[in-house]
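Residue numbers (my numbering), protein chains in the order written: chain B, 12 to 505; chain L, 39 to 263.
If you're looking for bench data, these hints aren't it; they were derived computationally from the structure.
Possibly wrong hints are sitting among the right ones.
What the hints assert, rightly or not - Short, incomplete list of chain L residues facing chain B, as computed with Cβ under 10 Å:
1) L66
2) L72
3) V77
Beta carbons are placed, not taken as given, at the ideal position from N, Cα and C, and that holds for glycine.
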Amino acid sequence: ETPKPPAAAAVCGGGGSDPVPAGASPWWAPQPPAPHTLRDMAGVAGGGGGGGGGNDFQWCFSQVKGAIDEDVAEADIISTVEFNYSGDLLATGDKGGRVVIFQREQENKSRPHSRGEYNVYSTFQSHEPEFDYLKSLEIEEKINKIRWLPQQNAAHFLLSTNDKTIKLWKISERDKRAEGYNLKDEDGRLRDPFRITALRVPILKPMDLMVEASPRRIFANAHTYHINSISVNSDHETYLSADDLRINLWHLEITDRSFNIVDIKPANMEELTEVITAAEFHPHHCNVFVYSSSKGTIRLCDMRSSALCDRHSKFFEEPEDPSSRSFFSEIISSISDVKFSHSGRYMMTRDYLSVKVWDLNMENRPVETYQVHEYLRSKLCSLYENDCIFDKFECCWNGSDSAIMTGSYNNFFRLFDRNTRRDITLEASRESSKPRAILKPRKVCTGGKRKKDEISVDSLDFNKKILHTAWHPTDNIIAVAATNNLYIFQDKIN
Amino acid sequence: MEAQKEAQRIMTLSVWKMYNSRLQRGGLRLHRSLQLSLVMRSAREVYLSAKPEEEELGPQPCLGEDAAGRAAACPGPQAPEERAAPADRGNAPGAGDPEPMETQDGSGDSARAPAAPAGRRPARGVSLPPPGKASRKRRSSSLDKPGAAEAGLVPTKKARLEAEEEEGERQPQGQDGPFPSLAKVLQTRFSGMLRGGPPKGPEPTPGCRPGDGVLSILVRAVVAF
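Pulled out of the complex, with its shape left as it was, chain B reads as follows (with noise of 0.2 Å):
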């Protein structure tokens, strides 16, 4: 049973309101971005970015994956969510070391309704639990991370990781079957070679459409702590794997081996401040990647100034608002998740109670900051009792970079729009999941008369919380994971 937090003094703020001012400066104004700059980076197609973000869409009940049950396994918990480069396939990943991945159904006039459809393609179990023998430790099969690879020809390639193995899978589909073998029958059972008084050559029949996932390489053995973040870079050829205290670069084609990039660890462990949380590869800079740390910093490091990247190019950080103080000031300001913007100009990063917009030139602070559920400041005692402060939110940015997504408790996630800095929050839930439904905007009381349809602070269900979420990377389609359910919503012009 979830402890409530205690009634404690209003917070004001919450959904609705505008993204407060970084620090303590005065003369400091949040700057739209150029408007006209992302959009010719985008370059988005259809129904995609152009207009605003959260508000001037109508998002709408489109899918929802998962068994209804109230007892929720905790294999059947997603642990990631993550589009494809083209969007047409959804991956996502559970507790139980299970990957399903749904596939976009093709326009079809005689069944004009699932145009757009995820539909399940392919499910296959990434990962076992394993035991560590030499530190008698049990290794979660919970996949951490999907990251897909840019696909290359007729297959798809994704890289899904647990606390300490990277796997590379290929999926494929085969849709033709060999017929007319000599030495076989039709069902396979080997024939007398006595027998065989005629050659024939095998012919390629259609059969139904099989999806098979097989791993065709297993990154292991190089991660002493748990692994965080994996990000394939944009060379197509390597990739990144962080855990708390090192970053290791692999390549694609190489098991055996990996360059460690990243060395936090300290040489005295009684010294140890900070950890990794998080890292990724910028989006066209092959040489370029940030991680960002337990103390709410970002380093960006150039894998061409050093081959042990411990000094950094850049270091991200805005100083603390000393008014904020608490016991739980440190642990908030954690950096949950890191994402580089489309255009590679920016970078978003969520901590606990909110989420900034960097300029990557500019270190000292971030150039916008949206409160994701600021009235939760007040109760961060009560969460921290119930373990909540330690959740760990992801965030996204659509495929313009116009808008961006993150999620809270009770199930609901919340949509920035940067240009109108409009927000709103949507609730995930089986209520509001007829099809095509519109979904209906959210609001948390924070105090004072609670109006009607709002709720309040101390109702939220904060075993509800959407940790998860995905854009897709040019439509307004997004995917949200509750719990065991993956919800999926759509724009209604779409």
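Chain B is already provided as a structure; the job is to place chain L on it using the hints.
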């Protein structure tokens, strides 16, 4: 007083979480452990600064030279003034007995390597020499390796009280990882408490002020961070 109570509550909670984090699948998570220790440290600082004038510490062996090595301060017996000054930490000049090793300084103490396992403490009534830098170094260099106790590098003679608690169940899974000794210390220290709720029975140390018995144990459990 409120702040102090709150800080104490948070410290207790943190220790509980540290203990439980050993039991979860996948082993001790470095990030989580670090975060818990940061909260623990903040709470301790508030607790110490909020505590009104304390009597000078008496003879405080207090199971104090704890395994922890760097264990957090036992706030009760020691004067807050001494604790407050980072320079004094660990030196406890007036005491002659350095109460559980103070954390070294603000910046460095948030995450600690495994310190000595629960074997290392002097017999009751004996004070350790003030932990100068040299002894700290030695301790850490030899004792931050897992299995130091088994290797015979640390004394395994345990104080009398501990023997009672040792009969607790062994931990279900030998969770080690980066903080191997934390497991041992928490196991021995808290098996009784965690099994049966708040500690009852013999006071941990006659030397400590009775009211702070529980707290001193709890606080000393900030091992290895």
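We went through each hint and held it up to the structure:
1. Taking 10 Å as the C-beta cut-off, the interface hint given for L66 of chain L holds, the closest approach to chain B being about 8 Å.
2. Interface hint at L72 of chain L: satisfied, since its Cβ lies 6 Å from the closest Cβ of chain B, which is below the 10 Å cut-off.
3. Given hint, V77 of chain L at the interface with chain B, holds; its Cβ is 6 Å from that chain's nearest Cβ, closer than 10 Å.
Consistency note: the structure conflicts with none of the earlier hints.
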